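Combine the two chains into a complex, taking the hints into account.
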Amino acid sequence: MTTVNIDRSIDARGMPCPGPLMSLIGAIREGEVGTVIEVLSSDEGSKTDIPAWITKAGHEMVETVEDEGFTHFIIRKAR
Amino acid sequence: MDDSTLSLVLFSGTDDKLNAAAVLTAGAAAMGRKVNIFLQYWALDAFRADRVLKDHGVAPEAGADGAEAYQRHGGQHWSEILRQAKGIGDVGIHACSLSMEMFGLRVEDLDPLVDDQEGVASFFMDVDGPVTFI
Numbered sequence: 008m009t010t011v012n013i014d015r016s017i018d019a020r021g022m023p024c025p026g027p028l029m030s031l032i033g034a035i036r037e038g039e040v041g042t043v044i045e046v047l048s049s050d051e052g053s054k055t056d057i058p059a060w061i062t063k064a065g066h067e068m069v070e071t072v073e074d075e076g077f078t079h080f081i082i083r084k085a086r
Numbered sequence: 440m441d442d443s444t445l446s447l448v449l450f451s452g453t454d455d456k457l458n459a460a461a462v463l464t465a466g467a468a469a470m471g472r473k474v475n476i477f478l479q480y481w482a483l484d485a486f487r488a489d490r491v492l493k494d495h496g497v498a499p500e501a502g503a504d505g506a507e508a509y510q511r512h513g514g515q516h517w518s519e520i521l522r523q524a525k526g527i528g529d530v531g532i533h534a535c536s537l538s539m540e541m542f543g544l545r546v547e548d549l550d551p552l553v554d555d556q557e558g559v560a561s562f563f564m565d566v567d568g569p570v571t572f573i
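Chain order of the listed sequences is R and S. For the first sequence, the numbering used here begins at 8 and goes up steadily by one. For the second sequence, the numbering used here begins at 440 and goes up steadily by one.
Chain S extracted, bound-state conformation (with noise of 0.2 Å):
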């Protein structure tokens, strides 16, 4: 069994690629992998605390029927996965700090499960592996 960790690059901020990356999140910490997560650009928008439950809407390739049928389909927030996820198992987040410049943030404005903001090298301090880049 492999148990390196999954690092996860999270750049697109609508909520189909947030609820896959959510969805990852969990079925590796369940497994017992250790997440590490670098939120960037849009990705890092959507963790804003006042804009977490937004609607972010969907990927272009969803279309309307894509739309519609991610919509019906339901099921739990992102962020609510991403909280489970946190409490089974090692799953850091972290904004990325030259994101946070970009938009004017500090941590204090994100959602409470990002844990901190750090630089591009930091993250890779805890990278054993591939990088997925969502």
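Excised from the complex, chain R in its bound form (with noise of 0.2 Å):
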């Protein structure tokens, strides 16, 4: 796992697609630029559909790990 310090986590795990990314959406409005959020997710799609919105939006991915059942994404906003 990454050393970057996450400055707000939001679990997503159980909600089906578009719910974790669209959470994501919210909470990138919310934060100032530079802010690490981190989306705990359990749905499929959201592992080509949450780097499709960072690249489409200019954000920064800063990683994704997988756990058991679910993945982090970690991403930086950057604009």
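The set of hints was computed from the structure by calculation and includes no laboratory data. Here the structure is a predicted model, which is why all the values come from computation and not from measurement.
Pairs of lysine to any residue, SDA-like flavour, derived with a Cα cap of 20 Å:
id	chain 1	residue 1	chain 2	residue 2
1	S	525	R	24
2	S	456	S	509
3	S	473	S	568
4	S	525	R	30
5	S	473	R	65
6	S	456	R	52
7	S	525	R	37
8	R	84	S	528
9	R	63	S	471
10	S	473	S	569
11	S	525	R	64
12	S	473	R	36
13	R	63	S	472
14	R	84	R	11
15	R	63	S	529
16	R	63	S	463
17	R	54	R	19
18	S	493	S	480
19	S	473	S	563
20	R	84	S	471
21	R	54	R	84
22	S	525	R	23
23	R	63	S	525
24	S	456	S	481
25	R	84	S	470
26	R	63	R	81
27	R	63	S	444
28	S	525	R	34
29	R	54	S	463
30	S	493	S	508
31	S	473	R	59
32	R	54	S	467
33	R	54	R	71
What follows is the structure, encoded as structure tokens:
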């Protein structure tokens, strides 16, 4: 796991597509530039959707870590 | 990247089809696409303010097993997904004036998710590509 400081963690496990992505977008909007947000998601769609949105929206994927039955997505708000 | 408008005509009023439409809308809005939705017939009926959260059932092809799988899967209600989509993007939801007349409805009778009512030609003012009918 990364040593980056996580400012906000969102537990979206159990939420189906597109819930985890929508939660992330909400958190990105509320945060300052530089904020690091972690999303925990058990939705398979998040594995493609979150990276696609990050690329489109111009933020930075710090790290993705597979856990048991879910994924940690760690994102930095870049703009 | 294609940034054309996603144009949806919602006709069916069952929860599974409305949920599928809401998910498409949220995905398009997240990816920066404008979404233009026209509500006709049974979909419009499902947007009545006093009925939006009631059980609208699922499409006939679901069968008993499919209906049970849909209920079990849970997740957010389609109206909430649409509300989130409107919060993050440019999503217009318009009631078909013909269907409004058929049901004897006014815009005030509908959930606030619906922006206004318009005729079919006005809907096509914002169409710049294919129209998806659900």
